[in-house]
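Chains as they are written, first to last, in numbering that gives the first Met the number 0: chain V, 0 to 138; chain E, 0 to 116; chain L, 0 to 184.
What the hints contain is simulated information worked out from the structure, not anything from laboratory work.
Predicted, not measured: the structure shown is a model, and the values here were computed from it.
There's no promise every hint is true.
To be verified - Listed next, with one range per pair, are the computed distances between beta-carbon atoms:
(1) 109(L) with 106(E): 38 to 46 Å
(2) 7(L) with 13(V): 29 to 37 Å
(3) 4(E) with 96(L): 18 to 26 Å
(4) 76(L) with 7(V): 23 to 31 Å
(5) 150(L) with 16(V): 46 to 54 Å
(6) 128(L) with 83(V): 22 to 30 Å
Unchecked claim - EDC-like cross-link-like pairs, simulated, lysine to aspartate or glutamate; straight-line CA separation at most 20 Å:
(7) 81(L) with 111(E)
(8) 81(L) with 106(E)
(9) 81(L) with 105(E)
(10) 81(L) with 107(E)
(11) 81(L) with 102(E)
(12) 81(L) with 25(L)
(13) 81(L) with 108(E)
(14) 11(V) with 56(V)
Glycine included, each C-beta is placed from N, C-alpha and C at the ideal position.
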Amino acid sequence: MNDNPVLRIVAKIIIPMILLFALYVQFHGDYGPGGGFQAGVIFAAGFILYGLVFGTEALRSAVPPHILRIFIALGLVLYAGVGVTTLLMEADFLAYNALSQDPVAGQHLGIFLVELGVGITVGAVMITVFLGFAGRNDP
Amino acid sequence: MTIAGLYNYWIVILLMMTGFYVVIASGNLVKKIIGLNLFQASVFILYISLGKIADGHAPILQAGISNYSNPLPHVLILTAIVVGVATTSLGLALVVRIREAYDTVEEDEIHDQDESM
Amino acid sequence: MLIEVVNVVILALLAVTALAAVRLNDLFAVTMMFGIYSLLATIMFVVLDAIDVAFTEAAVGVGISTVLMLGTIGLVGRRARKVSHRPILPLIVVIITGAALVYGTLDMPRFTDPTAPVHQHLGPYFLNESPDQIGIPNVVTSILASYRGYDTLGELAVIFTAGIGVLGLLGLRRRKRPGHEGGAR
Numbered sequence: 000m001n002d003n004p005v006l007r008i009v010a011k012i013i014i015p016m017i018l019l020f021a022l023y024v025q026f027h028g029d030y031g032p033g034g035g036f037q038a039g040v041i042f043a044a045g046f047i048l049y050g051l052v053f054g055t056e057a058l059r060s061a062v063p064p065h066i067l068r069i070f071i072a073l074g075l076v077l078y079a080g081v082g083v084t085t086l087l088m089e090a091d092f093l094a095y096n097a098l099s100q101d102p103v104a105g106q107h108l109g110i111f112l113v114e115l116g117v118g119i120t121v122g123a124v125m126i127t128v129f130l131g132f133a134g135r136n137d138p
Numbered sequence: 000m001t002i003a004g005l006y007n008y009w010i011v012i013l014l015m016m017t018g019f020y021v022v023i024a025s026g027n028l029v030k031k032i033i034g035l036n037l038f039q040a041s042v043f044i045l046y047i048s049l050g051k052i053a054d055g056h057a058p059i060l061q062a063g064i065s066n067y068s069n070p071l072p073h074v075l076i077l078t079a080i081v082v083g084v085a086t087t088s089l090g091l092a093l094v095v096r097i098r099e100a101y102d103t104v105e106e107d108e109i110h111d112q113d114e115s116m
Numbered sequence: 000m001l002i003e004v005v006n007v008v009i010l011a012l013l014a015v016t017a018l019a020a021v022r023l024n025d026l027f028a029v030t031m032m033f034g035i036y037s038l039l040a041t042i043m044f045v046v047l048d049a050i051d052v053a054f055t056e057a058a059v060g061v062g063i064s065t066v067l068m069l070g071t072i073g074l075v076g077r078r079a080r081k082v083s084h085r086p087i088l089p090l091i092v093v094i095i096t097g098a099a100l101v102y103g104t105l106d107m108p109r110f111t112d113p114t115a116p117v118h119q120h121l122g123p124y125f126l127n128e129s130p131d132q133i134g135i136p137n138v139v140t141s142i143l144a145s146y147r148g149y150d151t152l153g154e155l156a157v158i159f160t161a162g163i164g165v166l167g168l169l170g171l172r173r174r175k176r177p178g179h180e181g182g183a184r
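Produce the complete structure using the sequences and hints provided.
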């Protein structure tokens, strides 16, 4: 598909929009529909479109596999880390009320961090899986 | 009224059995996984149907609306969808490796090759 | 009224799509049918007020699943062999199971019934308490990340494990030479 100019130009225009939309879904998930799971998948969809149009080799240089592997673990560590932090603050595991003086502000902060962790791991796993399948065909 | 009230569940059962049939009757491993996905999506529709309330609204709180559909099934299914695609990808990866080892993805041919070894 | 009509029509279309997927032997066509099926399911979720779920299904079921299945078909070939033995036994099993399930639905609360047991306990609790305890408008997010935080942590661990599994089975780096070289490294 590398030689189709319409596809390449349209992809170049809409990929940044997809990524921006994913960030909107991630950080606006408290107020409208959205959240970490959706944002991670949409973010990965942007990269997958890039891989489909420009080839997996280009995608692999855009997001190197060793970085992806770090991000897969990073999201889960961030999520569990929030739980450990609340434990260290002498509250229950994942009891976000302890994160701040004001319980509601603590909940906001906790949900923000946890959703970020979900988004990072889901996005990285989806890109990894796509690279695994699409990269299998390479000569 | 009974038929209108149960129509959703019956269609869900039809979809579920369609997926089940593909899983047990088809010999092709990729088609089996697609059958599992059909089954899985029917369960999603069942849960979301259970959460719907007549004249309800989406569970995003707004001033002036008091009748919301039940948000709990939505949460369960939201995570199940993403977990579903992750496990599907693991299954497909296994299919790819089976194809590389046996040069086929038909169940009975794999079985024959195992027998003749 | 409109919602009921859309509900009936979309569910009928879902049934048609699923049956078409069973009859086809071209895996490419089956995958496209699955994409259409997911899209119809997405419309169902919007009709049934589950916007967050529709969002996820649109991105995952229609997008990523289809791409992954197409990637697999590119690697294993698109022709499924016709079933050689007669499909009578699976058909009997499926019909008996389906009949038992239909019998089970006769006792279920009717669709959109607000007095159904599922709407009596936790659902209203979350809807009533979430504004004061969590303070964000999207109740789905507040249940997902806070009330059911343990559950979501577990789900994330499953996704993480599946990702690691695919990494182990297929590998990410370019392979040095084609053939049956192992993917895990």
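Checked hints:
1. 109(L) with 106(E): 38 to 46 Å: holds (41 Å)
2. 7(L) with 13(V): 29 to 37 Å: holds (35 Å)
3. 4(E) with 96(L): 18 to 26 Å: For residue 96(L) against residue 4(E), whose Cβ atoms are near 22 Å apart, the range 18 to 26 Å holds.
4. 76(L) with 7(V): 23 to 31 Å: holds (29 Å)
5. 150(L) with 16(V): 46 to 54 Å: For residue 16(V) against residue 150(L), whose Cβ atoms are near 33 Å apart, the range 46 to 54 Å is violated.
6. 128(L) with 83(V): 22 to 30 Å: holds (26 Å)
7. 81(L) with 111(E): holds (17 Å)
8. 81(L) with 106(E): holds (12 Å)
9. 81(L) with 105(E): holds (10 Å)
10. 81(L) with 107(E): holds (12 Å)
11. 81(L) with 102(E): Holds - the C-alpha atoms of residue 102(E) and residue 81(L) are around 18 Å apart, at most 20 Å.
12. 81(L) with 25(L): The given pair, whose Cα atoms are some 10 Å apart, holds under the 20 Å limit.
13. 81(L) with 108(E): Measuring from Cα to Cα gives roughly 13 Å; hence the hint holds.
14. 11(V) with 56(V): This hinted pair holds, its Cα atoms lying about 17 Å apart.
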